[in-house]
Structures are given as structure tokens and as C-alpha cells.
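J.: With chain A's structure known, arrange chain B on it following the hints.
Note that the protein sequences, when read in sequence, are chains A and B. Final position of the first sequence in numbering that gives the first Met the number 0 is 253; the numbers increase by one with none missing. Final position of the second sequence in numbering that gives the first Met the number 0 is 147; the numbers increase by one with none missing.
If you are wondering where the hints come from, they were derived from the structure by calculation, not from laboratory data. Take the hints with a grain of salt, since some may be wrong.
30 Å max Cα-Cα, derived BS3-like pairs, lysine-lysine [claimed, not checked]: (1) B:117 <-> A:139; (2) A:169 <-> B:130; (3) B:120 <-> A:110; (4) A:231 <-> A:214.
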Amino acid sequence: MSTSAIPAGTKWWSGGRSPFNIGYGKVMMWYFLISDTFTFGAFLISYGTIRFSANYWPDPNHIFNAFPGFGHQDLPLAFVSLMTFILIASSVTMVLAVHEGRHMNRKGVEKYMILTILGGLAFLSCQAWEWTHLITGEHKVLVDGALQTIGTTVSHNPWGPAVPHDVLAKMGADAGEHVNTLGPVAFGGYFFGITGFHGFHVFSGVVINVIMLIKTRLGHFDQRGHYEMIEKAGLYWHFVDLVWVFVFLCFYLI
Amino acid sequence: MSTQHQSFSEVTLQPEHHGSTRRIWVVMAILSVITLVELALGFGLARHWYGDPHVNYHLILFIKGVICILTLLKAYYIVSVFMHLGDEVRNFITTIIIPLMLFVWFIISFLWEGESWKNMKNTNAHSREYKTEQVQQATPAMQQHEKP
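Isolated chain A, as found in the complex (with noise of 0.2 Å):
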């Protein structure tokens, strides 16, 4: 290695170096991460105001349960899991392109580059087929003595306490069916504002390492004699596999 290690008793803040040894942009990009893990920090937490003080909230289990393919199976968790482990494993494959950036090797972080941007476009598939399916996947509602079948939006929510099967009978409706009553609205505007914002991090983040795989291609870095931009792609791209450790942690496992 040519570069030499930081020697012991250095003086950080005598000046004629940065105290913090970084690059201003890398600075700069985990001060916009603080600021962004509030935001995220602020919409989590108060989704947790909100569930503590309902006397009901749905269980994602029953909310989450279905998987591409498989009908009407009760799977709880599969799906996400697959999104999860899609995550874990572009945030590998960006970590790796950092790797390589920082040995010059053009080449390894052209691939491993098209690898997260891959990994990046099947986490907002994913995320795409799940939010139809909650829109669209209509259920039985017993609001004010009548049935509604409706799907789970901003402003609707089908995931309410059970109607009892003897209260169904009761109205001469069929016993056997599963029916719910309303549950609370703010479940469906926290789940789409909070995946949504999450989702759109995504999006940006794949945007920016496909700009990155451009300049890559073109050369830029080589010329510039460093990979930092890679690195600071990279930041962003680990944080928002952080956040979604968070947003899955919240509404999917507890």
C-alpha cells in the first residue's frame, strides 16, 4: 500500500489537516444522512404514538401474508423477508464497488455497480407488486349493519377486530365468512407514507448509482485519480438499507 498510516499522537485540531481525516463530500453526505434519520426518525416515531395510543392496531401478520404465485396462502413474512434479503444483498454488492473503487480496478466496480443497481430495481418491483396488492385485495366490512368490501388506502382500513361469527349469523348474513369492522384509518397513511418515502429513497438511490456507473464507464474517476463519488453513492445507498432495517422493524416484525 502506498499510503501511509496515521502516526500515533497526531494533533487533529493544530490545523494544516482536516480533524475529521474525510473528504469535505463525504463530510457533507453524513451530515445530510443526520438530517435525513431525523426525518425518517420523526415519521417512525410517530407511528408509534399513534399505535400506542389506539386501543386496537392491526396484526401485520394478517395484513402481510400473501406471496406472487401462491393464491391464497397464509405466509406471513415471506414476502418481506424476500425484500429484506434483496436489500442486505445490493448493500453487499455496493460495499464491494467501494472496495474495488479504492484499489482502481475500473472494471470490478463497473460490475458490481450494475449488481446494486439490479438489486435496487427488484426491491422497488417488489415494493410495487406489494402496494397493488394491498390497494387492490378488497375484504368484507361490516360498517354501520352492512357489508362493504374495500381495500386498504390512505383513507380506508379493512383490518379491524373480527365481527363475531354469531353476530353474522345474526343478521342473516353467511356465518361462515371472515368479516372484519373498520380499523384505525391512520394504519394506512403511515404504511404508505413511510414506505412510500422509503421507496422514493430507493429510486433516488438507484438514479444516482446508475449517474455513478455512467461516469464509471466514461472514465471520470479514473482521470480524477480517485473513486470518492463512489463512496459517497455508497454512503447513501447503505442508509437507506438502514432505514429499511427500521421500517421493517415497525411494521412488519413487532
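T.: Structure of chain B alone, referenced to chain A:
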């Protein structure tokens, strides 16, 4: 394979701890295993414990707490290794970590607020016995059903 040039004169690039990618794969394995453990606990919540009136409420809370701690562990590995924060100098790590400490207050106070709000609603601001009626109001038919 040559290592990249120094990009800024005021920055000393540190050599990576390993020239190989071994550490990345180790962390990927750790993240995958933690996720699988979380999923196993989540399946337990889904299949056995959630909604079962005989199950101990504190057990569910304990399992959820374990899942939260595992998530923080995952966050630590992503930030420290994938985002290379662990490789930066201590000055920089401090400037990132200190603002995040606000979250300790943020989470505790706002969840507390939610809990208190629920108690105020269910006791009509402490003017009557604790009673959850939000759910029954949705279906007049169920109110009759729930009377013993």
C-alpha cells in the same frame, strides 16, 4: 492493482485493515443470521403468541424487545463496516454519534405521550373507570354480543 491517490492534501488515507473482502462477507453472514433469527421470532409471534388470550403479555413484550435489540445490532454492523464509520478517526465518529443521542429522549417521550393519550381517552380524562369503547362503537351489534 494500485491503491488510489490521495484526494486531498489535508486528508491521510488509511490503508484498509484487510486487502481482501473477507470482512464484508463475514458481516453479510452476520446480518443474514440476525435477520433469520428476527424472522423466526416474528413467525413465533404470528403463529403462536399473537392474539392468543392465554399467552403472557410480558412474554410478547420481551420477544419484541429482543427483536428491537437485534435490529440495533444490525444497524451497528451496517454503519460501522458497510459505511466504514468504524474506520474513521474518533473525532468524526463522535460528531455523528452525539446528535443521534437525541433519539433516546425522542423515542421514550413520544411513546409515553401515546400511552398517556390512550389512558386519557379511555378514562375520559380520569373522570371514569378505564373502559375501551373505541372498538365497540364501530359495530352496535357487537356491543350487545359482548355483554355477558
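J.: Against each hint, give a clear statement of whether it holds in the structure.
T.: Now the hints, each set against the structure:
no. : hint            : verdict
1   : B:117 <-> A:139 : holds, 28 Å
2   : A:169 <-> B:130 : holds, 26 Å
3   : B:120 <-> A:110 : violated, 57 Å
4   : A:231 <-> A:214 : holds, 14 Å
Checked against the numbered hints listed earlier, the structure breaks hint 3 alone; every other hint is satisfied.
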